[in-house]
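Asks: Spelled out, the chains give:
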Amino acid sequence: MADITLSESEKRYIVDGVKLGLRVDGRERLDYQHMEIETGLVSTANGSARLRHGCTDVLVTVKMEMEPPPTHQPKDGLINFFVNCSANAAPEFEGRGGEDLATSLSAMLDGLYASPMSLDRSRLCVVPGKYVKVLYVDVEILECGGSLFDTVSLGVKAALYATRMPKIYITGEDGGEMEFMVSENPQEVDRVDVSNAPILITHLRITENLTIVDPSPEEECCGPVQVVVGVNPKGLITATQQFGAGTFAPQTLADSFKSASALGVKIHQQLMQRLQQEENVPNRKIRGFW
Amino acid sequence: MTPYQQGNKSQVTVSSSSSSHPGVWLVAELEVSELVCASVRRIALHVNTATTTGKLIFGAKREAGLGTGEEGGKCGAYRPWWVCKRPPTSVLSPQERGHGTYMEKGVQVASVAGCVTRVNRLITVTPLRQVYQGAVGDTVVGRITRVQNNRWKVDVNSRLDAELRLSNIQLPGGEQRRCSVEDERDMRALLTEGDLVCVEVQKICDDGLLRLAARSNKFGKVSDLHGQGSLARYITQQIQCLTASTLVAVSPSLIAQDKQRMHDLPCGARVVFGANGYVYITPTVPQEQASTYIVNFEEVPVEVRKTIGRLRNCLKLLAHHSIMISPTSVMTAYDTSIELEFEVRDLLKLDVMQDVALAAVQSMNK
Numbered sequence: 001m002a003d004i005t006l007s008e009s010e011k012r013y014i015v016d017g018v019k020l021g022l023r024v025d026g027r028e029r030l031d032y033q034h035m036e037i038e039t040g041l042v043s044t045a046n047g048s049a050r051l052r053h054g055c056t057d058v059l060v061t062v063k064m065e066m067e068p069p070p071t072h073q074p075k076d077g078l079i080n081f082f083v084n085c086s087a088n089a090a091p092e093f094e095g096r097g098g099e100d101l102a103t104s105l106s107a108m109l110d111g112l113y114a115s116p117m118s119l120d121r122s123r124l125c126v127v128p129g130k131y132v133k134v135l136y137v138d139v140e141i142l143e144c145g146g147s148l149f150d151t152v153s154l155g156v157k158a159a160l161y162a163t164r165m166p167k168i169y170i171t172g173e174d175g176g177e178m179e180f181m182v183s184e185n186p187q188e189v190d191r192v193d194v195s196n197a198p199i200l201i202t203h204l205r206i207t208e209n210l211t212i213v214d215p216s217p218e219e220e221c222c223g224p225v226q227v228v229v230g231v232n233p234k235g236l237i238t239a240t241q242q243f244g245a246g247t248f249a250p251q252t253l254a255d256s257f258k259s260a261s262a263l264g265v266k267i268h269q270q271l272m273q274r275l276q277q278e279e280n281v282p283n284r285k286i287r288g289f290w
Numbered sequence: 001m002t003p004y005q006q007g008n009k010s011q012v013t014v015s016s017s018s019s020s021h022p023g024v025w026l027v028a029e030l031e032v033s034e035l036v037c038a039s040v041r042r043i044a045l046h047v048n049t050a051t052t053t054g055k056l057i058f059g060a061k062r063e064a065g066l067g068t069g070e071e072g073g074k075c076g077a078y079r080p081w082w083v084c085k086r087p088p089t090s091v092l093s094p095q096e097r098g099h100g101t102y103m104e105k106g107v108q109v110a111s112v113a114g115c116v117t118r119v120n121r122l123i124t125v126t127p128l129r130q131v132y133q134g135a136v137g138d139t140v141v142g143r144i145t146r147v148q149n150n151r152w153k154v155d156v157n158s159r160l161d162a163e164l165r166l167s168n169i170q171l172p173g174g175e176q177r178r179c180s181v182e183d184e185r186d187m188r189a190l191l192t193e194g195d196l197v198c199v200e201v202q203k204i205c206d207d208g209l210l211r212l213a214a215r216s217n218k219f220g221k222v223s224d225l226h227g228q229g230s231l232a233r234y235i236t237q238q239i240q241c242l243t244a245s246t247l248v249a250v251s252p253s254l255i256a257q258d259k260q261r262m263h264d265l266p267c268g269a270r271v272v273f274g275a276n277g278y279v280y281i282t283p284t285v286p287q288e289q290a291s292t293y294i295v296n297f298e299e300v301p302v303e304v305r306k307t308i309g310r311l312r313n314c315l316k317l318l319a320h321h322s323i324m325i326s327p328t329s330v331m332t333a334y335d336t337s338i339e340l341e342f343e344v345r346d347l348l349k350l351d352v353m354q355d356v357a358l359a360a361v362q363s364m365n366k
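Residue numbers (the numbering used here), protein chains in the order written: chain D, 1 to 290; chain Y, 1 to 366.
The hints are simulated quantities; they were obtained by calculation from the structure and are not laboratory data.
Keep in mind that the hints are not guaranteed to be accurate.
What the hints assert, rightly or not - Heads up, simulated DSS-like pairs for lysine-lysine below, C-alpha to C-alpha not over 25 Å straight-line: (1) Y/Lys-306 <-> D/Lys-19; (2) D/Lys-130 <-> D/Lys-75; (3) Y/Lys-306 <-> D/Lys-285.
Since the structure is predicted, the reported quantities are computational estimates derived from the model, not experimental observations.
All chains, please: the whole structure from these sequences, using the hints.
Replies: Set out below in structure tokens:
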């Protein structure tokens with residue numbers, strides 16, 4: 001996404017490296033970079049997470065509202081994604097520059113969480129037909145340095161995991177109007193079940209029949225076409241989308257799906273492990289942006 | 001976010017600008033660190049006695065401000081001069097006001113964190129984190145961004161894209177002739193968008209635009225074989241050292257001053273430390289081979305790639321820990337990472353990066 005041009009020799013070096021199974025920074029084809037994650041750093045939101053992955057930096061916040069449900073789905077809560085590409089991430093995002101990318105990101109996330117298999121939205125229902133919980137997920141892209149889709153989806157999952165919504169009790173009915181009470185006890189919270197929430201894995205086709213994951217901006221410059229695959233924790237593929245101009249050979253595509261599903265299971269495990277570990281730290285200090 | 005308004009434990013990166021101002025310490029950046037104080041203090045002592053940079057932790061108190069270096073003073077053998085946004089009044093008091101300073105209530109205060117330069121009574125502060133300002137005679141590495149009439153625009157990590165004129169590159173065989181219309185027409189064949197060049201800063205214009213030149217042989221050996229060749233072949237020869245290269249961008253202030261910019265490191269790679277913070281790494285080419293081929297698109301073997309990858313990651317980790325980058329420091333980090341038996345890709349992990357950086361600083365101070 002970041003706009004860089006490379007010389008032919010640099011491209012050649014990158015592509016040849018992938019062919020030999022050793023990328024420029026020493027990783028193999030299907031190696032991910034180190035990630036840093038922190039949840040709960042925005043105190044005003046119900047849930048938040050910041051994910052730093054290579055040179056990509058995203059901040060995700062989740063806010064809950066009570067709203068009447070849409071008429072065709074009176075028993076389901078809603079989840080809305082809004083992605084903002086900050087001009088700090090890349091100069092070309094200034095003004096409306098990042099809108100296309102933001103739209104494709106939020107559309108991808110919408111698709112990913114639309115299925116009841118990913119997120120059970122009926123659990124967000126408070127009073128059927130009257131009030132449901134609506135989760136507003138805001139994704140702020142602070143720095144853009146490759147594999148944005150993967151980072152954003154992991155950030156969203158982490159933020160949803162960290163989301164704490166106050167418990168709501170229905171106290172009674174008053175002339176057809178339901179009355180409810182929002183718990184003020186900070187210990188009494190509802191959480192979002194993210195055990196089935198999928199993540200995205202991007203495969204960049206760098207040369208014929210070869211794909212890599214977690215490409216750096218330089219590598220993204222060498223291969224224009226990438227396929228984004230949504231994988232749930234069990235390794236099931238939930239969504240796919242191709243970006244960029246170019247083609248995939250059927251075998252390459254099948255291979256990248258296969259490896260995405262295997263990788264996805266591992267990354268899910270590591271993410272959940274890390275999140276649980278972080279949760280269990282007593283009196284955890286918020287590191288934030290320092 | 002003012003640095004000194006942070007909580008109790010802050011990490012300050014300090015570097016002694018030994019080359020020009022012995023004993024003066026600089027505050028480069030503040031970040032909360034998970035480093036263990038004790039071990040870091042030891043490093044800080046080492047740093048104090050040697051000429052490299054290191055990290056140092058001290059308690060930055062809100063009221064005291066950074067400038068007093070309250071605990072920081074204990075860490076070193078002598079108390080360094082802290083220069084930060086708001087230094088103690090004693091550091092910059094009855095001086096002439098230079099760049100990077102301002103007067104506040106009759107006291108001169110640094111407006112940026114950086115390196116103090118004194119010339120008699122004039123005192124200036126050069127910021128540490130800044131884009132490349134340029135100095136005449138610097139060897140820089142740049143990337144062509146545009147091809148225009150008679151000139152190329154080159155990205156040199158500066159405020160403006162630098163300018164490389166067609167007349168400022170050496171013509172075939174060092175021959176002095178005027179550039180013809182054909183040369184101008186074929187400019188894109190010589191250098192096109194994205195190409196890397198290694199050039200010299202010839203002039204700094206009034207508006208800060210850098211004018212580059214590649215007129216000396218230093219920037220590309222012209223062998224006898226290519227003496228009769230066209231300009232295009234000459235340029236190819238010149239860029240040949242950049243073939244199969246990878247570029248690492250670091251902050252220009254981290255590049256150590258050095259007369260020689262191109263180094264053939266003993267590990268089997270040629271590294272060019274551009275004064276503008278662009279560092280590129282290529283495999284070393286045997287001399288006889290260098291003179292016979294035009295464009296080297298030969299595959300680089302895996303072993304060489306590993307060396308280059310390791311160098312690249314070492315450069316990144318040095319830059320991440322604000323350690324000055326010189327052939328010595330890069331080679332020390334490289335050797336240290338091999339000694340500690342880290343794989344090339346391990347060097348991307350933050351904890352490993354820290355271990356290697358600390359070990360490299362220690363071994364440099366021995």
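Asks: All hints are to be evaluated individually against the structure, with a verdict given for each.
Replies: Structure-based check of all given hints:
Among the hinted pairs, Y/Lys-306 with D/Lys-19 is consistent with the structure: their alpha-carbon atoms are about 14 Å apart, no more than 25 Å. For the proposed pair D/Lys-130 and D/Lys-75, the alpha carbon gap of about 9 Å is at most 25 Å, so the pair holds. Annotation: proposed proximity of Y/Lys-306 to D/Lys-285 is violated, straight-line Cα distance about 39 Å (limit 25 Å).
Violated hint for the displayed structure: number 3, the only one.
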